[in-house]
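Just need the whole structure built from these sequences, with the hints factored in.
Those protein sequences? They're chains A and B, same order as listed.
Under our numbering, the residue at position 153 of the first sequence is numbered 153, and the numbers go up by one with no gaps.
In our numbering, each residue carries its 1-based index in the second sequence increased by 1000.
Among the hints, erroneous ones may be present.
[Claimed, not checked] Calculated lysine-lysine pairs in the PhoX-like style (CA-CA distance at most 25 Å, straight line):
#  : chain 1 : residue 1 : chain 2 : residue 2
1  : A       : Lys-316   : A       : Lys-296
2  : A       : Lys-110   : B       : Lys-1196
3  : A       : Lys-63    : B       : Lys-1046
4  : B       : Lys-1170  : A       : Lys-110
5  : B       : Lys-1196  : A       : Lys-63
6  : A       : Lys-110   : B       : Lys-1054
7  : B       : Lys-1082  : A       : Lys-110
8  : A       : Lys-478   : A       : Lys-429
9  : A       : Lys-408   : A       : Lys-418
10 : A       : Lys-87    : B       : Lys-1037
11 : B       : Lys-1184  : A       : Lys-87
12 : A       : Lys-63    : B       : Lys-1184
13 : B       : Lys-1046  : B       : Lys-1184
14 : A       : Lys-63    : B       : Lys-1037
15 : A       : Lys-87    : B       : Lys-1082
16 : B       : Lys-1037  : A       : Lys-110
[To be verified] Just some of the chain B residues that point at chain A, by a computed CB distance under 7 Å:
#  : residue
17 : Lys-1046
18 : Gln-1092
19 : Asn-1190
20 : Leu-1191
21 : Leu-1194
In case anyone wonders, no lab produced these hints; they're calculated from the structure.
Here a beta-carbon is modelled for each residue, glycine too, at the ideal position from N, C-alpha and C.
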Amino acid sequence: MTIKDKLIFIIMLACIAGLMLAGTTFIIWEQSSFRSNMARVLSTRAAILAENCKSSLAFQDAKDAENILRALHVDPSLMSGTIFDDKNECFAAYYRDSSAIKVIPIEFKKTIVIFNSDSLVISSPIVLDDAIIGTICLQSDLSFLHESTKRGIQIMAAVIFLSSLAVFSVSSRLQKVISGPILSLAEVAKTVSEEKDYSARAIKRSSDEVGSLIDAFNEMLEQIQHRDFELVDAKGKLEVRVEKRTAELTTANEQLTREVAERKKAEQRQAQLLEQLEKINKELNDFAYVISHDLKAPLRGIKTLTEWITTDYADKLDENGKEQMNLLERRVDRMHNLIDGVLQYSRVGRVKEDMVQINLNELIPEVIDSLAPPENISITIETKLPTIKYEQTRIMQVFQNLLSNAIKYMDKPQGQIKIGCIEENGFWKFSVADNGPGIEEKYFEKIFQMFQTLAPRDESESTGVGLTVVKKIIEMYKGSVWVESEVGNGSTFFFTLPKQKKGVKNAKLQANIVS
Amino acid sequence: MKIRAYNLIVLALVLFMAAIAPKAWADSTQTLEYQVKAAFIYNFIKFVDWPKEKVTDSNTPLTIGIIGQDPFKDAFGPLQEKEIKDRKVIIQRFEGFVELEKSGKKKKDQPHPKSQDIQKCHLLFICPSESERIADIIASVKDHSVLTVGEAKDFIESGGVINFIVEEQKVRFEINTAAAERAKLKIRSNLLRLAKRIVRENAVKKTRGRIILEVRES
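Listed below in structure tokens is the structure:
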């Protein structure tokens, strides 16, 4: 349905609805006025007849009354007129048609109007000297009324039909006033959307709402045109920029490819180096083991010989000789320890042991017993220790080394060594704290290096291997070891071991995060 | 024997009935006729207007006089309760001229001993027994606005206003409009319309000749 048709339809609908309403109202009004008029006329007629008939009734002259009633034939709508006496018996009657129409005798004190579906009955009393001596009933046909209703509807239908034609012809001309501008606007809009021609403009013909719509449309078109131009411009710029950026990217990509190739090469080289290094390291390890092992035999010989000389030649050696022999023995011992340490170090990682459940609460007292600390040093376990699953010998070595160091370097008359353990980020964090001499901060790293000892060699006979072994063991287990210390107030060695309940793989991961 | 006796009784009864029935029937028709006439007389009053001087006081009752031998018997009985034109109705009976003269109570030239009461009546019914003296009776109440009603053959020719007749076993009436005019009575058209005959005549006494101006047969 086009806007043209809609406009015509709406106008016609409104006109027809108005006409129908008016027509219906008119017909209803006419009907009701017709009815009331009819009732009034009939009542008047009945009253006149009653007046005329009262003497006839008084003197029982039915013929006279019938003569009077006969005058009713003038009005063809009257079906019957009947006079009843005071006993409600028919006194005189008139019938329009030969067939008698039954009328109910109605005796009332006043005029009665009864509208039936097809007839109107009026009853009026006949009064003589204040006494009701009878009743007159008139019955009128309502077919005239129905006829007039029918005619009214016919006329209304005809009027509506003719007016519809008139309204159609008028509205189909006048609708152009409204639809014209809108249609031309639609035309322009179609052109714009189909041909993308934003330079098109709608022509304004009136200054009403449609006019302002056209204005707004034109303004919109102008804006779109402007935007379109900007868009084209921006597109051009963008293309240039994209080209430039593409070139840059290509260059960068080439560079990247080059870099990746280089890195790959470097990695290969690194892997090669690592392989070499491992090989060398292994060789070194084997070498250290072999050397240590092989060195131990002649050393044991030297020591035995020294003992023999000391016992056998005790009386032949002077004090100086004895002293030097003693020194020799001690140096041999130190040499032995040193070789032991190196052997121990090289054995870490090389010799595999079974992982067993180690209850530290049992293991550590054993370690302390084996160290036999002097009486002025007390070793206490401060917290309840966990049960861990590791190689027992290694764990023993760790505690042995740390505790023996603490005992060895203790300079206080009342030595205190405390062992503790806490759980931290999936690791067991152990601590061995002493109140010994403490270590200067600059040595914190150095002490974990091979053969580094802070005390003079001759004083402590230390080999400088213990902490290196500790570090090697802990790092093998993906843990870490460090020292916190204050000179004069003792030092605390910490080391961490991953909790293994969650699986080795997970522990490794966590170890990586920590390190 | 029993049967014969029974038959006899039945026969006697039949004979008796046959003997009395016509009289009873005649009596009853006559009674009915006068009942209708009494009702008519009442209705005449409703359709006739008296001059003002005759109906001064609204409380005075309307008087119906009956002169002569009263044929109505108790026909007025059921009507007497009713009021006409908001007035009570009184029935007064007067001895007729004929009776008085027969019994010697009054000589022929003398007026009626109760002539004043008669003149006061609004309606005077002159019984058939006075048919010979109608003119005299009418003359005695002239100028007193009395509606004279009779049932004699030449009643209206004698100057009476309304005369009853019986036609096809129905009671009808005739009216002398000139007499009514003389008595200053106004008879309504409703009543005139129903009259079987309307007579307009003048100077009944003077000429004895009757001028019938209009005769209407309905």
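Evaluation of the provided hints:
no.	hint	result
1	Lys-316(A) with Lys-296(A)	violated (29 Å)
2	Lys-110(A) with Lys-1196(B)	violated (33 Å)
3	Lys-63(A) with Lys-1046(B)	holds (21 Å)
4	Lys-1170(B) with Lys-110(A)	violated (32 Å)
5	Lys-1196(B) with Lys-63(A)	holds (12 Å)
6	Lys-110(A) with Lys-1054(B)	violated (34 Å)
7	Lys-1082(B) with Lys-110(A)	holds (22 Å)
8	Lys-478(A) with Lys-429(A)	holds (13 Å)
9	Lys-408(A) with Lys-418(A)	holds (15 Å)
10	Lys-87(A) with Lys-1037(B)	holds (19 Å)
11	Lys-1184(B) with Lys-87(A)	violated (36 Å)
12	Lys-63(A) with Lys-1184(B)	violated (30 Å)
13	Lys-1046(B) with Lys-1184(B)	holds (16 Å)
14	Lys-63(A) with Lys-1037(B)	holds (19 Å)
15	Lys-87(A) with Lys-1082(B)	holds (18 Å)
16	Lys-1037(B) with Lys-110(A)	violated (30 Å)
17	Lys-1046	holds (5 Å)
18	Gln-1092	violated (21 Å)
19	Asn-1190	holds (4 Å)
20	Leu-1191	holds (6 Å)
21	Leu-1194	holds (5 Å)
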